[in-house]
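Novice: This is what each chain is made of:
2 protein chains.
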Amino acid sequence: MDLGKEGPLVHIGACLANLLSQGGEGRWRLRWRWLRYFNNDRDRRDLITCGASSGVCAAFRAPVGGVLFALEEVATWWRSALLWRTFFSTATVVVVLRGFIEVCRDGRCGMFGEGGLILFDVSDVTVRYHVGDLLPVTLVGVLGGVLGALYNHVLHQVLRLYNLINAKGRLAKLALALAVSVFTSAGLYLLPFAVPCTPCDPAFGDACPTVGKSGNFKQFNCPTGYYNDLASLLHATNVDATRNIFSTGTAGEFRLDSLLIFFGIYCVLGLFTFGIAVPSGLFLPIILMGSAYGRILALVLARFVRIDHGLYAVLGAAALMSGSMRMTVSLCVIFLELTNNLLLLPITMFVLLIAKTVGDAFNPSIYEIILDLKGLPFLEPKPETWMKDLAVGELAAAKPRVVTLQVIEKVSTVVEVLRSTPHNGFPVLDWPRPGVSELHGLVLRSHLMAVLKKRWFLTDKRRTEEWEARERFSSTELAEKSGSIDEVAVQLTPEELDMYIDLHPFTNTTPYTVVETMSVAKAVVLFRTCALRHMLIIPKFQGPEIAPIVGILTRQDLRAHNILGAFPHLANKRKVH
Amino acid sequence: MDLGKEGPLVHIGACLANLLSQGGEGRWRLRWRWLRYFNNDRDRRDLITCGASSGVCAAFRAPVGGVLFALEEVATWWRSALLWRTFFSTATVVVVLRGFIEVCRDGRCGMFGEGGLILFDVSDVTVRYHVGDLLPVTLVGVLGGVLGALYNHVLHQVLRLYNLINAKGRLAKLALALAVSVFTSAGLYLLPFAVPCTPCDPAFGDACPTVGKSGNFKQFNCPTGYYNDLASLLHATNVDATRNIFSTGTAGEFRLDSLLIFFGIYCVLGLFTFGIAVPSGLFLPIILMGSAYGRILALVLARFVRIDHGLYAVLGAAALMSGSMRMTVSLCVIFLELTNNLLLLPITMFVLLIAKTVGDAFNPSIYEIILDLKGLPFLEPKPETWMKDLAVGELAAAKPRVVTLQVIEKVSTVVEVLRSTPHNGFPVLDWPRPGVSELHGLVLRSHLMAVLKKRWFLTDKRRTEEWEARERFSSTELAEKSGSIDEVAVQLTPEELDMYIDLHPFTNTTPYTVVETMSVAKAVVLFRTCALRHMLIIPKFQGPEIAPIVGILTRQDLRAHNILGAFPHLANKRKVH
Numbered sequence: 002m003d004l005g006k007e008g009p010l011v012h013i014g015a016c017l018a019n020l021l022s023q024g025g026e027g028r029w030r031l032r033w034r035w036l037r038y039f040n041n042d043r044d045r046r047d048l049i050t051c052g053a054s055s056g057v058c059a060a061f062r063a064p065v066g067g068v069l070f071a072l073e074e075v076a077t078w079w080r081s082a083l084l085w086r087t088f089f090s091t092a093t094v095v096v097v098l099r100g101f102i103e104v105c106r107d108g109r110c111g112m113f114g115e116g117g118l119i120l121f122d123v124s125d126v127t128v129r130y131h132v133g134d135l136l137p138v139t140l141v142g143v144l145g146g147v148l149g150a151l152y153n154h155v156l157h158q159v160l161r162l163y164n165l166i167n168a169k170g171r172l173a174k175l176a177l178a179l180a181v182s183v184f185t186s187a188g189l190y191l192l193p194f195a196v197p198c199t200p201c202d203p204a205f206g207d208a209c210p211t212v213g214k215s216g217n218f219k220q221f222n223c224p225t226g227y228y229n230d231l232a233s234l235l236h237a238t239n240v241d242a243t244r245n246i247f248s249t250g251t252a253g254e255f256r257l258d259s260l261l262i263f264f265g266i267y268c269v270l271g272l273f274t275f276g277i278a279v280p281s282g283l284f285l286p287i288i289l290m291g292s293a294y295g296r297i298l299a300l301v302l303a304r305f306v307r308i309d310h311g312l313y314a315v316l317g318a319a320a321l322m323s324g325s326m327r328m329t330v331s332l333c334v335i336f337l338e339l340t341n342n343l344l345l346l347p348i349t350m351f352v353l354l355i356a357k358t359v360g361d362a363f364n365p366s367i368y369e370i371i372l373d374l375k376g377l378p379f380l381e382p383k384p385e386t387w388m389k390d391l392a393v394g395e396l397a398a399a400k401p402r403v404v405t406l407q408v409i410e411k412v413s414t415v416v417e418v419l420r421s422t423p424h425n426g427f428p429v430l431d432w433p434r435p436g437v438s439e440l441h442g443l444v445l446r447s448h449l450m451a452v453l454k455k456r457w458f459l460t461d462k463r464r465t466e467e468w469e470a471r472e473r474f475s476s477t478e479l480a481e482k483s484g485s486i487d488e489v490a491v492q493l494t495p496e497e498l499d500m501y502i503d504l505h506p507f508t509n510t511t512p513y514t515v516v517e518t519m520s521v522a523k524a525v526v527l528f529r530t531c532a533l534r535h536m537l538i539i540p541k542f543q544g545p546e547i548a549p550i551v552g553i554l555t556r557q558d559l560r561a562h563n564i565l566g567a568f569p570h571l572a573n574k575r576k577v578h
Numbered sequence: 002m003d004l005g006k007e008g009p010l011v012h013i014g015a016c017l018a019n020l021l022s023q024g025g026e027g028r029w030r031l032r033w034r035w036l037r038y039f040n041n042d043r044d045r046r047d048l049i050t051c052g053a054s055s056g057v058c059a060a061f062r063a064p065v066g067g068v069l070f071a072l073e074e075v076a077t078w079w080r081s082a083l084l085w086r087t088f089f090s091t092a093t094v095v096v097v098l099r100g101f102i103e104v105c106r107d108g109r110c111g112m113f114g115e116g117g118l119i120l121f122d123v124s125d126v127t128v129r130y131h132v133g134d135l136l137p138v139t140l141v142g143v144l145g146g147v148l149g150a151l152y153n154h155v156l157h158q159v160l161r162l163y164n165l166i167n168a169k170g171r172l173a174k175l176a177l178a179l180a181v182s183v184f185t186s187a188g189l190y191l192l193p194f195a196v197p198c199t200p201c202d203p204a205f206g207d208a209c210p211t212v213g214k215s216g217n218f219k220q221f222n223c224p225t226g227y228y229n230d231l232a233s234l235l236h237a238t239n240v241d242a243t244r245n246i247f248s249t250g251t252a253g254e255f256r257l258d259s260l261l262i263f264f265g266i267y268c269v270l271g272l273f274t275f276g277i278a279v280p281s282g283l284f285l286p287i288i289l290m291g292s293a294y295g296r297i298l299a300l301v302l303a304r305f306v307r308i309d310h311g312l313y314a315v316l317g318a319a320a321l322m323s324g325s326m327r328m329t330v331s332l333c334v335i336f337l338e339l340t341n342n343l344l345l346l347p348i349t350m351f352v353l354l355i356a357k358t359v360g361d362a363f364n365p366s367i368y369e370i371i372l373d374l375k376g377l378p379f380l381e382p383k384p385e386t387w388m389k390d391l392a393v394g395e396l397a398a399a400k401p402r403v404v405t406l407q408v409i410e411k412v413s414t415v416v417e418v419l420r421s422t423p424h425n426g427f428p429v430l431d432w433p434r435p436g437v438s439e440l441h442g443l444v445l446r447s448h449l450m451a452v453l454k455k456r457w458f459l460t461d462k463r464r465t466e467e468w469e470a471r472e473r474f475s476s477t478e479l480a481e482k483s484g485s486i487d488e489v490a491v492q493l494t495p496e497e498l499d500m501y502i503d504l505h506p507f508t509n510t511t512p513y514t515v516v517e518t519m520s521v522a523k524a525v526v527l528f529r530t531c532a533l534r535h536m537l538i539i540p541k542f543q544g545p546e547i548a549p550i551v552g553i554l555t556r557q558d559l560r561a562h563n564i565l566g567a568f569p570h571l572a573n574k575r576k577v578h
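Those protein sequences? They're chains A and B, same order as listed.
So for the first sequence, my numbering puts the first residue at 2; every next one is plus one.
So for the second sequence, my numbering puts the first residue at 2; every next one is plus one.
Simulated from the structure, these hints should not be mistaken for lab results.
Mixed in with the good hints, there may be bad ones.
Since the list gives no way to pick one copy over another, a pair counts as held whenever it fits inside one copy or between any two copies.
[Said to hold, decoys possible] List of simulated lysine to aspartate or glutamate pairs, EDC-like, C-alpha gap at most 20 Å:
1) 383 - 44
2) 462 - 497
3) 400 - 134
4) 383 - 361
5) 389 - 44
6) 523 - 42
7) 383 - 42
8) 169 - 134
9) 169 - 499
10) 389 - 42
11) 454 - 107
12) 455 - 478
13) 455 - 546
14) 169 - 309
15) 389 - 467
16) 523 - 44
17) 389 - 487
18) 455 - 469
19) 174 - 488
Using the sequences and the accompanying hints, generate a full structural model.
Specialist: Spelled out as structure tokens, the structure:
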């Protein structure tokens, strides 16, 4: 059993992209100067999105599916240029893949390249279904949604348990991985002994049974002329197993008890393998489970319906995936690209939508659960209902008082502020005339650090011009990781601490602002769609004694979980769908 | 020749959806009460997007392509819920379509349902291409991009000419349509006489020549045993013509001169048919042109390259489409769904990207050109470079002074304001204490009209509560089309005109605001991504004598064309890519 591979591949893609985006800074700066173009926040996000879509594309050889996966599941924001950029990266992946497959055509690279660009080709299936078949197909979808939601629920519990175990140190982590792998090997080897042998259909001739690596019918413990159907599924590569189980016109090939055992062991293994310290994915285990579920349903319903069992397997896989991952368009395209059968499209779409709807009634998608467990500040696309009843001003008031800087600030104050707070952005205020106040903008921690490092200080409170700063600071210097304030601060003399910094050239004078009465729900949508890092809250009223800023919100502040920490009474309201 | 059908179908889809969204108001209000849920701006846009994707889906039987078309080309904003909503609507379309095709299987409905769900099936093509073939394929892409850009340029000129003719009245419109159709019929009938007859390949037996509606080889003016290859292309339905020209292993079937004539006449007809008063589309004419272009290139390059001519035709069609429409992912998927050959995917992606890049170097996409000619306020996804050099405050200052209302306003003032301006939204100001000012929010014209119609006036300046308004006004009443102010105003008595309206319950207190120094480029992105109708500009400085609002911008104000009208000196800067 391999563990599914899209997880590691997506990781590798995203990490490579991130690495590339950071190539312009730090120790590679001198050598990779051209990479400085990626040295801003937006381009880095774009590159990571491209990396993730390339990973999916490489795992499933599904270029369009990869683009849509990134669009539907990975990115919290999207701009039209990103569409053709991800498309370009998956196109490159697929062209390179195709080149490798061509090189490996005659088996030079082990099993790589088997199946060409389409992993589970079922294009030879002639699909026959009629209006009357919609009822059993609906059943596949509904049950798939329920099973998917159940899978998410159990995986959530297992992952929480694993988090506790993994927190105990490396040894515990290793022991857990070892225990799971011993259990996996034992289970996979011993279970096929539990089922009886099946006689080969003479129509297959020499193809049944086989003893080699590949082939549909594994002899295992059976006499010649017989095959072990469970071994055929368990002792093959995942790709072969999926092809076997998707194959049509093979209603009698697998026994009900073998399928039940296969389904059960994959459920257990899928659940217990995912969180251990071994790279593994979600797609392939769920596809295998789903196709077994589809075939089981086919055997159960065989008396009433005459749909092909292979079709049931495909639909079962789609239903379970959608029930667990809750994607629609991207799953549909990935499925299309895996199976190469366009005629299955309408019925697959139908099943996907039903399973997603049913699953959504129970719990969030598996990706949301994992992100939540890892504590990543992923903003969900749909704000919760109760967010409408909370104003951003109230949310900001529940935080510690906002730390602001003046537009010409003493060096000692800047050092003090950087030391006492971990914030990455500070609102800059100004009072140009008595009674007139100004929210001048937002200055980033990294820019303040760059100024301190270069000691670009003024002896008096004069205003500098932007070109002066441009001459001194390159954009690469300003975008660098800032390092520790303490290291920089100890090098400053008392005279320097008494000098001034003019923040005019370093301040973003047009940060996104919202009025304090705006609902958190509306702010979350703005935050997500515009891909913000900081959102400044301005007061509703303007007057001489009113400060021009109320607070500042970040992604972490807007996460439902964190808001509920400060406002627990909101929790008893339901989520919008 | 049929004219392409995605144009009308997309229109019908979008119009039906719009109709549905307006069903909750006006004369259908009583009967279709449930439709009131669609009675807001956001849902109406969503429905129109769903309608457009359903139209594309129905035209090409491409459900996923339809979703992506809407995503890439139609929608100026996108939210994740929209993805599965459009997906659901195209899934419904495709299930219904499949039902109809099943009913019509035995030819009961004319030619409907021919070809099943896949229009130009080329799945039997075994694609063979190698790394060495990338060079001619690149040539297909580059030339396709150039030709597509040229097509856009000429179509632009033709449409401008047609706009002049159509403006002369209905008779001119009719005469134009008649002239084009006479020219089309004459050209299509007479041109095949210009090419010599081709002897039938004996391998085809009785299939060549044919005289009926369908079939690959039209006899036309030729003796028995011969066929007219140009007639085979011109006198078939578009679907048959495309299938003919895409067919593989048919290098000798079409003569170079026939293909050149076919390409030429389709160029001329495609260009001259699009703008006339007849529903027509862009996709099919361009696919046909492109496939002819591909075959012509194949014949020219035949000496050097051994790629199949049918493959050239497919790639040529993709290149020309991409060169003219500049879509990537959606075109790729539509192509996949039209041709049902997944193995073509990598090479199609490659050609699409090249043609798009080449085309973008010359002019905008054909859809942008058409939208621009129709004067629709479509905000482009990429702001122009020069927009970075203009602040929204300057833009607002170039407009007439913003018209504001007080939060408790005299009826006569409201009537006067509504009469004197066509605006749909008005900022509402308040001065709760001396020296303290407040931008209370934005009130919509339709809400003011609703208040005037119901005569919900106050005799003194008191503040009403929101529940009082909720009791009096249903959400449907507030969302209704407002009608003419003059009709409402004449019914008001002088006493009523002297009374007050409290705008508190009708004001959106958290409109999107930006500071006056924000660049227009940044504002455009915000406007588009958050799907705004109005954007309020607030001042940079706050003080006792400074008004809390600088101006208000709408979609029209942010269109590049309109900004350049007020700031022509910005025009000589280039566009960002």
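Novice: What label fits residue 455 with residue 478 when the C-alpha limit is 20 Å: within, between, both, or neither?
Specialist: within (10 Å within a copy, 63 Å between copies)
Novice: Is it within, between, both, or neither for residue 383 and residue 361, if the alpha carbons may be no more than 20 Å apart?
Specialist: within (13 Å within a copy, 35 Å between copies)
Novice: Could you place residue 389 and residue 487 in one of the four classes (within, between, both, neither) given a Cα distance threshold of 20 Å?
Specialist: neither (42 Å within a copy, 38 Å between copies)
Novice: Checking residue 169 and residue 309: alpha-carbon separation at most 20 Å within a copy, between copies, both or neither?
Specialist: Classified as neither; 50 Å inside a copy, 63 Å across copies.
Novice: Within a copy, between copies, both or neither: which one fits residue 389 and residue 44 at a CA-CA cutoff of 20 Å?
Specialist: Between. Shortest inter-copy distance 18 Å satisfies the 20 Å Cα cut-off; intra-copy 32 Å does not.
Novice: Between residue 383 and residue 42, at a C-alpha cutoff of 20 Å, which is it: within one copy, between copies, both, or neither?
Specialist: between (24 Å within a copy, 18 Å between copies)
Novice: Could you place residue 389 and residue 467 in one of the four classes (within, between, both, neither) given a Cα distance threshold of 20 Å?
Specialist: between (41 Å within a copy, 16 Å between copies)
Novice: First find the shortest C-alpha distance between residue 523 and residue 42 inside one copy, then the shortest across copies, and answer within, between, both or neither for a cut-off of 20 Å.
Specialist: between (23 Å within a copy, 16 Å between copies)
Novice: Pop the pair residue 169 and residue 134 into one bin, within, between, both or neither, using alpha-carbon distances up to 20 Å.
Specialist: Classified as neither: same-chain Cα gap 52 Å, cross-chain 57 Å, threshold 20 Å.
Novice: Checking an output row: residue 389 and residue 42, CA cutoff 20 Å. Within, between, both or neither?
Specialist: For residue 389 and residue 42, only the inter-copy Cα distance (19 Å) is at most 20 Å; the intra-copy one is 30 Å.
Novice: Reference check for the pair residue 169 and residue 499, CA-CA at most 20 Å: within, between, both, or neither?
Specialist: neither (48 Å within a copy, 77 Å between copies)
Novice: With identical chains, the pair residue 174 and residue 488 could be close in the same copy or across copies; at 20 Å between alpha carbons, which is it: within, between, both, or neither?
Specialist: Neither. Shortest intra-copy (35 Å) and inter-copy (78 Å) distances fail the 20 Å Cα cut-off.
Checked against the numbered hints listed earlier, the structure breaks hints 3, 8, 9, 11, 13, 14, 17 and 19; every other hint is satisfied.
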